[in-house]
Amino acid sequence: METIIQVQNLSKSYKADKVLDIEALDIPKGQSFGLVGNNGAGKTTFFSLLLDLIKPTTGQIENKGVEVSQSEDWKPFTSSFIDESFLIGYLTAEEYFYFIGDLRNTSKSEVDELLAEFEDFFHGEILNQKKYLRDLSKGNQKKAGIVAALIGNPEVVILDEPFANLDPTTQIRLKKIIKELSSQKHVTVLVSSHDLMHVTEVCERVVVLDKGRIVKDIYTSEATLKELELYFER
Amino acid sequence: MTTKQFLSLEWKQFRRSSFFEKGLAIKILMFLGALYFASLAILAGAGIFFLFKKAVPNQDPFILINNYLIYWVLGDLALRYFMQQLPVMNIKPMLLLPVKRQSVIQFLLLKTSFSFFNILPLLFFIPLVIVLMVQGYNPVMVLLWFAGILSISFSINFLNFILNKNTAVFVVVIALLASFIGLKYFGVFDISPYTGVFFLSFYNLGFTVLVPLALVLFLFKANYRLLRSNFYVDGAVQAKKEKFKNYNLEFLNRFGTLATFLKNDVKMITRNARPKQVLLISFFFLFYGLFFFTQDIYKEMPVVIAFAGVFVTGGFLMTFGQLVPSWDSEYYKLMMSQNVSYRQYLESKWLLMAIGCAVSFILSTPYIYFGWEIYVMIAAGASFNIGLNSFITLYGGALNRVPIELNQKAKAFSNTQGFNPTQLLISLPKILGPMIIFYIPYKLINFNAGIIALALSGLLGLVFKSYFLKLIENLYQKNKYKTISAFSEKK
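Order-wise, the sequence lines are chains A and B. According to this note's numbering, the first sequence holds residues 1 to 234 in order. According to this note's numbering, the second sequence holds residues 1 to 491 in order.
Listed below are the simulated BS3-like cross-link pairs for lysine-lysine, each with C-alpha atoms no more than 25 angstroms apart in a straight line:
no., chain 1, residue 1, chain 2, residue 2
1, B, K333, A, K131
2, A, K64, B, K333
3, A, K64, B, K480
4, A, K55, B, K482
Treat the hints as calculated values from the structure; they're not laboratory data. Keep in mind the model is a prediction, meaning the values are calculated, not measured.
Take the sequences, apply the hints, and build the full model.
Okay, structure coming up:
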């Protein structure tokens, strides 16, 4: 299958401290890719490098053939939600969605169409609230951020800890959304999580990071959850 | 928990703030800046007595000083309303610890005593007190007077925190201030001798000092009660939730692709505390010309008029512009990973600044009262602002990298943006530029030539707009990672 994300000799160090060191990693188009690891394993660092928010110490990442630290041409087909700093606190959810839509050349009606699909997911707590995003609860902020990351038909979607802070119903709905994205729309979805169960359920492939290095690279099967649990029990 | 422990927490917060992690050069410059303000206050304090003595030789300068104190009181109150932050501390972690609420609140209130706004009057009044003693005023009574003044200063401090929740009272204060000055200016009525008698009585009678002392105590208690009754996670500790306001901004769509950002910026300005503050400050810039245009001495110095003319319309442009891109610091990662072109982003900010300048120009129409020459100068200044100053300001802003908490008022003088060496360098062309552009043709040819040169400089800037924007864009690109990491630093 066609590779969309290609990582070569990537490392990130803060002074002498090497926080990420990935020799090679290829992610094929349309794959749902899970990243797990304990705190400080380098998950967010990897995503930040992928979004060119921090500068790699060595190596490079190519996103659909574009070297992310050299050109900005990856931006039109890539979208992400990492944390609340991706939200504009003084906008309402709708205003935020339309703003992102504007940036991604998506008309208001197209955004509305997309939002309609997520009515279930929002559970009536996001739209028409007359509340600014900064005044929503953490969980609801996350819902808005995740859906905003799906506006404009992105080919690569990056979600950091999407399951954290969500209520059980929303978690189940989110899992369905992610699965559909990769299986029906051939969107490459990169997800990180602390929850082994969610990741194995959603992702075709799970990579385990430990102290910045890839220690496991598994295509999920029935046995994967057991294997991961055993690994983390050490 | 003891006061000592609180103090050590505060000290750590202070020591470990990003402000100390700056380079040595900035530290020195900031130190010099602080020194500058301090010495200015000290000099004024030491000099005011002699200044009054010289200006009005046949009257006791001390009486005159007392007469003018009322303006200090009202002015200080107005200034603090805008600039002084409410006492905030990380109360949340304290709520769960075995600490008496009483001691937290008391500490919180006492902490405000060390604000810049309380130290500055000290620096002014202490030299004055020394001068008074040397000049042969009764030292004991002078000290009593000083105690009275100090109490008033602290009363203003505590009063401000109560007022801050109440705009109506503030409007009254401003109205009082304006009407006192106005009535005095037009010679109708002068309040200052009446209030002066009261202030002077601290010296003459002594016991009247009890009035301000009682006032401080009362206001301290009032503040204490206010905080005590709101000391819950959903009370005083929590940021105020604002009611949702919506406006129809469709008319901005005429700006095409820039409309996206413009609409967002308008919402940003109207829905957050910090930019609202900037909006107010830039409104005050409009009155800047009054200092100069009312004085006859400056009529002979058109360079000064040129300088003032630029400032009248440049308020918003400069105060808003110097904090681009800091305004978007809270969600800068989004902007950097989204499909945003720097060019459009910058151009929309520039457009907003230009609109701000144009609005200021329209509002400055009453200056025609001072003569067409002055009004034409303001127009030329506006042209300079839009065509050149805007780009200089944006360039400076790109070097700024101070994260902004949008919904928090600025702490006066605690942010470093003014004392950044590059900022200082950048401000030179802003101030000297228009003066030089005006002065050379003025000297060589005549007044009109100076004005035309100033106006043309702005038009020329517009011709090179693309080039300037490209220059700033390159700066953004070059500093991308630095800016992202500076903006994601938590305060």
